[in-house]
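Asks: Residue numbers (the working numbering), protein chains in the order written: chain A, 1 to 151; chain B, 152 to 228.
One thing to keep in mind: the hints can contain errors.
Okay, the calculated bits of chain A under chain B, using three or more residues with CB under 8 Å as the criterion [stated by the list, open to error]:
#1 25-36
#2 42-54
#3 58-64
#4 77-91
Distance condition first, Cα-Cα at most 20 Å in a straight line; then the derived SDA-like pairs of lysine to any residue [unchecked claim]:
#5 B:220 x A:71
#6 B:212 x A:66
#7 B:153 x A:16
#8 B:220 x B:191
#9 B:220 x A:113
#10 B:212 x A:33
Derived from the structure by calculation, the hints contain no laboratory data. Every residue gets a Cβ at the ideal spot worked out from N, C-alpha and C, and that includes glycine.
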Amino acid sequence: MSDAAVLQELLERVVGGIGLEGSRVEVLEDGEFLTGVVHGEELGLFIGRHGQTIDAVQHLAQRAVAAGQATRRIVIDAEGYRARRAMALHGQADDAAAEALRNDRAVALDAMVPSERKLVHEHLRERGDVETWSEGDDPDRHLVIAPLKRS
Amino acid sequence: MKDLLLYLVRALVDEPDQVRIEQFEEDDGTVVFELAVADGDYGKVIGRGGRTANALRTVVKAAAVRERKRVLVDIVE
């Protein structure tokens, strides 16, 4: 089976197991990403509190497709969740960066899964006025933001 | 729930035929799944820092919501 077919089946099983009637699964292949999207209404159970369930499905899918050796990153999305989440993370990151600059000290963000830490690192790198790194071990691993020292 | 757990675990391991799941119910109604896999596959179902095991628990819990059940997934050797 192709990676896309494996992902399609995995998502259909999860959606069926959770009991989301009337939802539909679509798999998109786009360069370095293999994206599985669940379409439907009332996908709150699939997304979970703070995205806990959709992130768990994404982790399992990454491990299951091509026995975890898939060269492409797997993203699971549901009705625009990732875009909304990215907006929220950018907002939190910008607020924390402003605080770090105002007080000239390091500011820690809440713990995030690896894919979200990557997104925030990249977002803040584009600003050019702060540096970021990660501290702690999963599931508590989190970003720290500090003013960039210019020499 | 059990079918979903079995499917997911089989998708993760090298030896899907060796996956065993025992299901029982505790006095308080909690559904317990005891999961056993081939010796070489425990790392795959547990994952770094227990992340894969936690992801399995999270997804099975989501599947239990409609059935109004509390569930536990125990990984046993």
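Asks: So, for every hint listed, does it hold in this structure?
Replies: Verification of the hints:
1. 25-36: Coverage by chain B is violated here, the residue count being 0 at a Cβ distance below 8 Å.
2. 42-54: Check passed, 5 qualifying residues.
3. 58-64: holds (count 4)
4. 77-91: violated (count 0)
5. B:220 x A:71: violated, 38 Å
6. B:212 x A:66: violated, 25 Å
7. B:153 x A:16: holds, 13 Å
8. B:220 x B:191: With Cα atoms ~32 Å apart, residue 220 of chain B and residue 191 of chain B exceed 20 Å; violated.
9. B:220 x A:113: Judged against 20 Å, a Cα distance of about 27 Å means the pair is violated.
10. B:212 x A:33: At roughly 28 Å apart (the allowed maximum being 20 Å), residue 33 of chain A and residue 212 of chain B break the hint.
In this structure, the earlier hints numbered 1, 4, 5, 6, 8, 9 and 10 are contradicted, and the remaining ones agree with it.
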